[in-house]
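There are 2 protein chains.
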Amino acid sequence: MLDQVHAACRDDTSGAPADYIPELAAVAPDSFGLCLATADGLVYQVGDTDIAFSIQSISKPFTYALALADRGIDEVARHIDVEPSGEPFNEISLEPDTQRPSNPMINSGAITATSLITGRDAEDKFERVRRCYSRFAGRELTMDKAVYESESRTGYRNRAIGYMLRSVGVIDVDPDDVVDRYFRQCSIEITCADLAVMAATLADNGVNPKTRERALSTSLTERVLSVMTTCGMYNAAGDWVTTVGLPAKSGVGGGIIAVLPGQLGISVYSPRLDGHGNSVRGVAACRELSKRLELHFCHVTRSARTAIRADYTVAQMPSRLRRTTDDAEVLAAHGERARVYELHGDLLFSGAERAVRAIEGRTAELDALVIDLRRVGEVSRVARDMLEQLQSELVGRGTRVALVDPDAKLGHEVSSLDPDDPRGRVFIDRDTATEWCEDIVLHKHRPPGARPPTSIELAQHPLMAGLDPDYRRRLCAECETRTVARGEVLAERGSPRSGLYLILDGRVRMTFPGTDGRAHRLVTLSSGMSFGEVPMLVREPFVNTVVAETRVRVAVLSPSVFDSLTDDDPRMKLALLQRLAAGAYAQMDMTVRTISANAENY
Amino acid sequence: MLDQVHAACRDDTSGAPADYIPELAAVAPDSFGLCLATADGLVYQVGDTDIAFSIQSISKPFTYALALADRGIDEVARHIDVEPSGEPFNEISLEPDTQRPSNPMINSGAITATSLITGRDAEDKFERVRRCYSRFAGRELTMDKAVYESESRTGYRNRAIGYMLRSVGVIDVDPDDVVDRYFRQCSIEITCADLAVMAATLADNGVNPKTRERALSTSLTERVLSVMTTCGMYNAAGDWVTTVGLPAKSGVGGGIIAVLPGQLGISVYSPRLDGHGNSVRGVAACRELSKRLELHFCHVTRSARTAIRADYTVAQMPSRLRRTTDDAEVLAAHGERARVYELHGDLLFSGAERAVRAIEGRTAELDALVIDLRRVGEVSRVARDMLEQLQSELVGRGTRVALVDPDAKLGHEVSSLDPDDPRGRVFIDRDTATEWCEDIVLHKHRPPGARPPTSIELAQHPLMAGLDPDYRRRLCAECETRTVARGEVLAERGSPRSGLYLILDGRVRMTFPGTDGRAHRLVTLSSGMSFGEVPMLVREPFVNTVVAETRVRVAVLSPSVFDSLTDDDPRMKLALLQRLAAGAYAQMDMTVRTISANAENY
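Going down the list, the protein sequences come from chains L and R.
Mapped onto my numbering, the consecutive letters of the first sequence carry residue numbers 34 to 635.
Mapped onto my numbering, the consecutive letters of the second sequence carry residue numbers 34 to 635.
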């Protein structure tokens, strides 16, 4: 598409390069480069995008940005207004009532902005400007000495503006020194590709999308873009806003940048200028791109719609802690009292409002909830405040909150130990947060008398308890009881079958290696459950590694005993397999219920 | 937060209601209402939000909108420019060079816009205006006759403007008639809550968020908001844009609307006006809300980040068609050659670019892909073009595309039967689309000689084939072979165990009832697989309903035979259970591999 726009605009060879200094007139007049940089730093380009030229007036928004960062919005506003002037960019005039330059995009405002840059001395001040532009461009920029000297020799009008500004006190330092620095900043060499990255940095709320370095704060980026919107293209701002709809700035070097906030930056280089001093093809290419790609700052996505990526109950998507049949029943019946909300994208007011509203609408039904922030980008101040207030309201009403926030996007590095802490608990993964919520639901809704899984004797283990007494006694006698310390490995993935394990106390975790090299939890089992059945039955190695999550007591029926049962007492072995199948059945039934609860979202 | 802003601004009782007609001066001067309407139609409100007052100049953007819809952008532009004027709103002047009103937000431009509304006669023209405003407000609005009559009696200045416009030919109809209609439109009664919905409609790309009725096209909404940005708040547009950052419009009735495109609308009602004719508290409340909620059109979410909700391979998230062990091996090895992309939210250029880039970057690796559009909202023209071009490029390179697009967001109601159709195949659910992609991968990557599951004899069934010949022969003899027509139910959820079923030909689907009342697919099984094992073993009813997807041939081992084996030949029964366990093992190993592939995204 960029190629097409380039081709469509290439034939217009009207206009001429700026010629008020020889160095500007010396460029190849028909050079034409066009770039589009995305908010994640990819630069699409066509044509002469790596020819160096002088930045000229495109420097203005960036020096204004640095002045705002150095002096603050209020002090800069005392020196420079933000109103469109309706006059040529190099007019020697000030606002009649306030005696300020109308805005920082005309020469008088830009020179004033330059005067506000702080630094030890003239050299340091310019170096700070150069470094600022370089942060926006993502590479070290340098000045074109010939252009600077030429500007400096011939810049009578800008010197006049400097003296005029000094005479009314808008600048209170040596005007020659300021104007000299202004010539230097205008002479910084950039390419069309550099400009695209600079524009994309403005689009990306002030963060350079290639280097990820912050070049400007979010609020100052807003202000710079605002001024570019109303004052960036000199006259005909209204026409530019309606037909292009992108904050922009042009320079007599032949460059133009245009910004679609939050989305992308555009740059054009073509030195032939129109009567306003804007690049002829640059203006045409911006119009054409805006039209074809439907870029307009008033036509944006309804971002609140994507703030909630998914929400579901812990009954629909349980944690990987396998519950006892009794507890699973409680969670099936009451699991809708704990929900998981996965948020997504940058969280500004609208997205936060949508999320908070969705959660608040269910507060009365909830004992606990998980807010998963791992896919969230920027969290604005108001969004953080809203989420914090929501949390303290929820806690006040007795609803517990788990944040999944390993990057501390809400600013809480660690969980408080106080269970009533309004900030809730912070987890680094969703599975553990979900388990925590399930525990809360179980604690509230277990029938009177029911108790969480605890230490049992081998004869009480469901696998044994269901057998007839004779079989039970004989099988129990064949088992060896073993105690394993926390963290110890009971079975390694790939190791040969080593027994049928019946858990009597504690928890074991089955894990598998992820491609990230870390061990991931497949499931956690507790007392009354068993593992190792399938390797035993089919004489295949373990598929998962089994680790003790706590101190664990297990009873183990060895492979040799298990195998010998086939010949010694096939009926007893069949009875045992029947019990194993019953466990598998309960497990499958629970899985089906989980999948069925999810299927409607599928 | 709205309450706080209301309280913070309430104490300012400076200014006075407009008094150029008695009806405007007769309002309760200290009324104060404040609303914020979200892009999904919720109106937060505080104070006097249901007091009716006359819309006055807030009518201007809406009549301009209707004129644009009636006459087109170009014809309207021939009559009205879009540049800020820098003059009072009721100035009797035109642009010196073009002899047009500077913009539609000053009286001369607004009266011109009124003159451009089409209709059979004066009454019809006004009725069309009233209906237009009503679509924006989401309820039938009416005119306040007293205000109209008062305006009509005293509107000398507007009559002067009307005659001036007629004299230079900007309007070519009876100016008295036009100005009369202008008075009527200014006298339409609205409340603060109405204005919030009208503003939210502009925020929502022209669709009323409460009624979901389209009030204006997306591109005309852009234009109206553009003009409000540069010309909406009379003078000091630059200051408004930098400090409030919301396209806005005020009226001398005491109302103000402000719009954050894509996100929300704000309205204020407070009749005391400042020297510019703007509501004193209205301006203060807009500033305060913008500051506290961080609302600024240049500070937006990087929406492209949320365009892809999830992407994964068919190996990570297979379809619910259970594959044979051989086919499952092929999919485990080559499943990364088919991917699913779930898109999310409104799809404009940036989001489409991100999605297309992500997909294109993998084209060389892909045989097939699914693009799931079910969670997508608006699809802009450029996004549709990009997705279509992507599809035809993919098809050109031999990659097959499945769209999940039940609402025809890309405009294709039905799939083409032509397999090379660049538009790809269209599915209504993702599961079927995924299965289609798996079939493509299997077709390309099955080892030479391997064949898809087909009709088998009972002795070839894996459950039988692994047994020793004597057991196999005896068990085969005990089975009854049955043929079932497509759509017939083999087992009902909740029905008692009816046998161990070995599939010899065709496909069966296990389903469960969703809370939506529809039957959802849990899994599809084909020849060589079995079902009914667990009910048989534990004497429990079926958990799922089993339906024939095609004509099906099954062999059934009855419960009575299965049970009697325990006594008749326990060793043969153990051998059979061993084979069932082997099948379970293969199934579990595949599940673990699937979960492990997913876990890193978990």
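Derived by calculation from the structure, the hints in this document are not laboratory data.
Heads up, some of the hints might be wrong.
Copies of one chain are not kept apart here, so a pair can be met inside one copy or by any two copies together.
[What the hints assert, rightly or not] When the alpha-carbon atoms are kept at most 25 Å apart in a straight line, the in silico DMTMM-like pairs for lysine to aspartate or glutamate are as follows:
1) 178 to 210
2) 178 to 513
3) 243 to 393
4) 178 to 525
We went through each hint and held it up to the structure:
1. 178 to 210: within (17 Å within a copy, 66 Å between copies)
2. 178 to 513: Neither, since 87 Å and 95 Å both go past 25 Å.
3. 243 to 393: between (39 Å within a copy, 21 Å between copies)
4. 178 to 525: neither (69 Å within a copy, 86 Å between copies)
Hint check: violations occur at hints 2 and 4; the rest are consistent with the structure.
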